[in-house]
Amino acid sequence: MDRFVFLTFDGLSRGAVYAAFALALVLIWRATRIVNFAQGAMAVSTAYVGYSVSTATGSYWLGFVVAVVAGLLLGAVTERVVMRFVDHSSPLNGVVVALGLVLVIQGVLGMIYGNEFRPAGAPFSRDAFTVGGVALLSRFDLFVFAAVFVVVALLAVLFTKTAVGLRMRASAFAPDVSRLLGVNVGGMLTLGWALAAAVGSLAGLLVIPTELGLHPNAMDIVFVSSFTAAVVGGLDSAFGAVAGGLIVGLLLSYTSGYLGATVAPIAVLVLLVVVLLGRPGGLFSRSAARAV
Amino acid sequence: MSATVAERVTTPRKTETRPRSRYLLWTVIAAVLIVALTYVLPPFRNYQLATVGAYLCVTAGLTVLTGLNGQLSLGHGALMATGAYTVAMVQEQLSGRGQWTLLVSVIAAILVTTVAGGIVGLAAARLRGPYLAGLTLAVAVVVPAITSTFDKTFNSDQGLSVYVDPPPLALGATFPYERWQAWLSWAGALLTMLVLATLVRGRFGRSLRAVRDDEAAARIAGVSVARTQVLAFVVSAACAGLGGALFAVLAQSVSPGAFPLSLSLFLVMAIVIGGLGSLAGAVWGAVLLVALPALTHSVTDSINVSPAVAQRLEGNLPLALFGITLVVVMLAAPGGIASLKPTYRRRKA
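Here the protein sequences line up with chains F and X, keeping their order. All residue numbers for the first sequence refer to this note's numbering, where the first residue is 1 and numbers rise by one. All residue numbers for the second sequence refer to this note's numbering, where the first residue is 293 and numbers rise by one.
Think of the hints as simulated: they come from the structure by calculation, not from any bench. Some clues are possibly wrong.
To be verified - Distance windows between CB atoms, simulated: (1) V81(F) to A462(X): 57 to 63 Å; (2) L154(F) to A509(X): 15 to 21 Å; (3) L154(F) to V517(X): 40 to 46 Å; (4) P119(F) to A509(X): 53 to 59 Å; (5) R139(F) to G549(X): 32 to 38 Å; (6) Q544(X) to S52(F): 40 to 46 Å; (7) F124(F) to Y469(X): 54 to 60 Å; (8) R418(X) to F124(F): 42 to 48 Å; (9) E384(X) to L154(F): 56 to 62 Å; (10) L414(X) to D87(F): 46 to 52 Å.
For every residue, glycine included, the Cβ atom is placed at its ideal position computed from N, Cα and C.
Kindly generate the complete structure, drawing on both the sequences and the hints.
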């Protein structure tokens, strides 16, 4: 029972990160109908930037802030320079371009930093508090929850309470009408990519210390888990992404706790297959009319 | 737009009028050329030639799946691993009984991969675009996890060694091993090309393209969309299995590290740059996969850099170059990927 409680908390903490990362995927999907397959690699590259700043200045928090800002910039640049010019007549094109970006980013990171694992610093202890002999959460887990909660709350406020959020939703929902009404749709797209990449960077900073460490491929499996989270939630819904993230986090925690760490990626694949075959629209989707 | 559509309807495609026996002739000519080439090239070049052959099996299969049927797979690295591990295990069982065992192992590899491809294909036929890419990506990422979960069978990260017989004595005692490897691998590659070219030319090929261009129209015309998609996946998986098996035979070992995610991305890159519409593109893709890393290697060798820097450039410079090429081709030369686009602009639902 103690173990179950510990694994549950551990799963929720992991799940919070997947939720944030899935949220970043959903932000871009809703606006452009592109699944950003390069998001993991982009997050890793900003984590390296943060790492460089932290080691140069000795301040973890300065590196943290720089990494998130680098995410904003990288997202905006990616949209302006690359994604804007993708031909949307086939959904494959966007995927292939993003995969090209993955290769570029991993190649460049490998050339600059080398392909060995580097220790990634965590700002708080990762030793779990124990309550009545039961190990529950570490300070770092609490930090993860707080950071993800703040991001989700800020995004919710942005999209529901502000004029910019309204324009962004309008641009995603009906780009042509929005343009006629004087909304800068292109600008909104750039902003959406920037926000998504910054959220992705944050998620990267939260997950990399708990995995093996900093490496050009550090986020490959995290990306698959987060993609699964987003698919579980239906790709279209922010609430679904958060719920999907928590589901995937719990699944990973239970399977690696009870069956061994190597089983966890297989469990994610099985979940992805089951959801895609059972409810391709995600668990939280309403039934749509027939397409053809 | 309407003019080009009319043209396509009235003028028969050039490939449709070509008799099937022509493919056999081309295969024989190619085989003769390859054999002649292996006598001219030094051993290391023969090994590279063999690698091109192994890659060609996979890129040709992937061209059929992605280029002609419009299904993007990022999981072909995992299918190659399936073929490679099968060869390793069957060869282990049959070791030392003669040359024929290799044929048995390779056929076993193709069969096992075909079954695996059928399972993935059944799922794939219900999925579109990014969903399919995500599922196959998960398949590609899960390979190391499977080898360490069942480590008694697959021996985790160390992998298995592949027992391969020396060249048959009938060829002479001093017959170079690399030349034998090149023969083996191109026998597989040319057979793959012959079978695929014949398949693609006929009814199956037309079904593939019809499903890619407009599923609804294909369905109305009596093409079973799901069956065509699963079949495309199965055919392409069998080719990937053969390619993986040849890879294992060439390297004489198999480990998860030989089939990383980047391998699957490289394969997609190769067929996109090679030109998605045709099997000839697959040849260019396979050549590129071997030539580009070799080229960057010789460039980093010739410029004077420290060993540490050279080591960093070694694997990563080709990675970055591949990526840049992929992005630039997709953005600037959509003609290269024209076959991905539907012939008719589909109305937005």
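Here's how the hints hold up against the structure:
no.: 1; hint: V81(F) to A462(X): 57 to 63 Å; verdict: holds, 60 Å
no.: 2; hint: L154(F) to A509(X): 15 to 21 Å; verdict: violated, 46 Å
no.: 3; hint: L154(F) to V517(X): 40 to 46 Å; verdict: holds, 44 Å
no.: 4; hint: P119(F) to A509(X): 53 to 59 Å; verdict: holds, 57 Å
no.: 5; hint: R139(F) to G549(X): 32 to 38 Å; verdict: holds, 36 Å
no.: 6; hint: Q544(X) to S52(F): 40 to 46 Å; verdict: holds, 41 Å
no.: 7; hint: F124(F) to Y469(X): 54 to 60 Å; verdict: holds, 57 Å
no.: 8; hint: R418(X) to F124(F): 42 to 48 Å; verdict: holds, 44 Å
no.: 9; hint: E384(X) to L154(F): 56 to 62 Å; verdict: holds, 57 Å
no.: 10; hint: L414(X) to D87(F): 46 to 52 Å; verdict: violated, 30 Å
Of the hints listed earlier, those the structure fails to meet are numbers 2, 10, in rising order.
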